[in-house]
Structures are given as structure tokens and as C-alpha cells.
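Number of protein chains: 2
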Amino acid sequence: MNATGATIGILGGTGPAGSGLAARLASIGHHVVIGSRSTERAADARDAIVEEWPTVSGSLTANDNAGAADADIVVVATPWEGAAQVARENGERLAGKIVISMANALVRVNKEFQPLVPPRGSVAAHVQAAIPASRVVAAFHHLPATELGRIDHPIDSDVLVCGDDHDAVVAVSEIIDRIPGSRPLDAGQLSNAMAIEAFTAVLLQLNVRYATRVAPKLTGIDTG
Amino acid sequence: MNATGATIGILGGTGPAGSGLAARLASIGHHVVIGSRSTERAADARDAIVEEWPTVSGSLTANDNAGAADADIVVVATPWEGAAQVARENGERLAGKIVISMANALVRVNKEFQPLVPPRGSVAAHVQAAIPASRVVAAFHHLPATELGRIDHPIDSDVLVCGDDHDAVVAVSEIIDRIPGSRPLDAGQLSNAMAIEAFTAVLLQLNVRYATRVAPKLTGIDTG
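So the protein lines, in turn, are chains A and B.
Under the numbering used here, think of the first position of the first sequence as 7, with each following residue one higher.
Under the numbering used here, think of the first position of the second sequence as 7, with each following residue one higher.
Heads up, some of the hints might be wrong.
Coverage of chain A stretches by chain B, computed from C-beta distances (three or more under 8 Å per stretch; other residues unrestricted) [as the list claims (entries may be wrong)]:
1) 117–127
2) 190–197
3) 201–209
4) 213–226
Stretch by stretch, here's where chain A covers chain B in the computed footprint (C-beta under 8 Å, at least three residues) [said to hold, decoys possible]:
5) 121–132
6) 192–202
By construction, these hints were calculated from the structure, which means they are not laboratory data.
Quantities reported herein were computed from a predicted structural model and do not represent experimental measurements.
Idealized CB from N, CA, C, for every residue including glycine.
Let's have the full structure, built from the sequences with the hints guiding it.
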């Protein structure tokens, strides 16, 4: 499929990551549907984004999760514990579609984030198992919500993308490629989502340790 | 401890990673003992290094693993399946010492490397459990053996270091800091070794996909 012009639904889109991604995707020309268990909360999240970024007003609507799951491409943006469940609940609507998993399974222990290993290795693998008829792609794990949402700034980061369906990986990479400053990198099969998700804990640790905002940029790659 | 001038033993130091690290550590002024189950194989590995890099001749000796475990600081450089076992076999000699775990648990599936999750989450955690009286530090996972061993070239990479003993992390970081071009980054507790080890699969995948040699360099960090 051609990802340009695709509508994008965001399940659990009211949190920081979902809202940030909604604003960002709307800013590059997608129609974005923010979904939530509660349409009212989705509407509040939408209003908050539009208040800050009036230019995306026409590209952003609010709905319940089922309504968001009707979009062409769907992002699961809930906290990681709920990702597979919300995908399963909307499994029929998601069948055949590209579904993007962006959650990281982390736990905060004292001042440090530690990676957790979900039983299937990754949140993305868990989501894929919940919706076997969908094409799950893992992406957007390392971008802080604030950076995603500041649509007047380029993102300035590599974005690792992996999945078992090559066409789906290419389509998601096309979307990422149109976000100013971000570069999609093909990180292979969905089995690598485990490593990408867990690595978020390392990046967060480095942010705390060095009081900075680490951008993973992998040198040596010429994607021309 | 002051890591400068410490002798360093390398358990299972005859493979590419161990030999590369041995040459590199000898080149920055450490006395390095290459260990192996077979002293003869260790001697062969030592001779091969010295043939290529005669300047490190005086800083490199060969011994069995027990002899290497007598050094001040010890690296476990076996393939990941054997790392905890060789540490346990030399547990008494390693008690109280800094032990560096550098192995990655990976499996090759077709043309792609995939991360495996050892039962304790990481090779490093497995090694630490095998030698509870030692201070295990995880480091050197993302550096290819060839790059480690080409001691006439700077390494040009960040090196993520983690461990539960802060002084041990600092000492290992001091060693890394003296390797030209490499920068140690404090990645937190040993629990993060899981993420660092698994991420090696992503880096290898990117190397294959983009026919390059990816160096993980994390921008935004000023360690000045």
C-alpha cells in the first residue's frame, strides 16, 4: 500500500506518547483519529492538541477505540500492559491492516528504569499474537512523547522499524521518512522488537545519568 | 581500585572477540593474560596476535583459564553458552574481583541474528549468579572483534557499561576511556545488560541490511 494519505487511528491515544504521535502524524498530512475507551477523553486529548497546534485542527478527530481501529493504519499507544488486550478487542477491525506497536515494557525501580521481558519476548510480539490476521510493525519506541509532540521542531533521531511483513515495514518507514529529521532504519524481523523495546531502558537511564536527552543515531549507515 | 596498570585476564580469550580485546588492552598498557581451556591454544592465539602486532609482544602472555583468572581484572570472552560455567569453575580465583561480561546471546535464523533471552535475562546476570562474590560489569558488547583488534585504528564508538557495583563500573569505564576513540557511557544497573546484549542483534541486522558497520553513538551526551 501507499502510506501517503492513509488515515491513522491511535488506540489509547490520550496519553503523552499517543497524543504526541497524533499531533506529529497530523502535521505531515495524515488524518488522525485519536481513540480511547472513552470518546470524551479522546475529545479532551484532541482539544488539548488543537489548542497548542491550531494548524492540525482539520486533520484530527476523536472517537472511541473501535472508531480509531477503522482507520487505514492503526497505532497501539496504550501503556504496555494493555496493548495486546486493546488490539484483541478490536481484532476484527484490524484484520489485514498494518498495526504499529510502540510500547516499551519497563518498570521503574528507585530512580532507574529497567526492562521487563514480556512472556513472548516483546510487547509487539504479544500484540501480533493477539491479532494474528494483522501485520504488526514495531516503531517509535525511542522517541520521547514531548519530542514527538513538538511539531514545530524536527525530531532528529533514527527510528528503528521491524516487522515480519516486509511491505508493512516499508509503508511505516515511508511515514517516518516524511517526519522532518527522522530517519527510518530497517531493523529486521519482529523478533528484534524485544531488543528495541528493552533498549529504551538504557536510553532513559542515560538521560537521567547525563541529564540530557539522548538521540539514538547510528553512524555508518548511508541510506542515501 | 585504580584500573590503570591492572593486569587483565581473558577467559576463553582465543576466539575473535577475546583476541581482539586482548590486543587492544595490551596496546593501552595493560599486561594481558590470554586464557583458554588449553594453554597450547592460548599460546597459539597469543602468537597470532604478536605476529600481527609485534609492539604488544611484551604485554601479552598465554595461560590456562585458571592462570588468566589470577589477573587483577578478568574478562569472560567465551561464547555466551559457556560464560557462566567458565566463571563458576574459576569462582574462587574471581572472588572480590571485577569480572567483565561481554557476550551476547544471539541465534542466527536464516540470514538474520535474533536475540535470545537467557533465563536470568542476560548473560551478564547469569555470570553474576554463578560468581556472587565477584563484581560483574557488562561492557564491550557492540564492538566487532575486527574493530577491537585493529589496534592501529581508534575504535570510534560509544561503549555502554553497566553493573551493580558502582566502583567496578567506574574502573571499567576508566579502561574504556583510554582506548582511542571509545567513550564509556554509564548505562546503569546490571539489569540493563539484557537490553544491551539484545541490542547487538539489531546492530548486526543493520550491518547486513545496509552493508555497513554501524557504530552506536548516542548524541546529546556531553561527558566532557
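Against the structure, the hints come out as follows:
no.	hint	in the structure
1	117–127	holds (count 5)
2	190–197	holds (count 6)
3	201–209	holds (count 8)
4	213–226	holds (count 11)
5	121–132	holds (count 3)
6	192–202	holds (count 9)
In this structure, none of the earlier numbered hints is contradicted; all agree with it.
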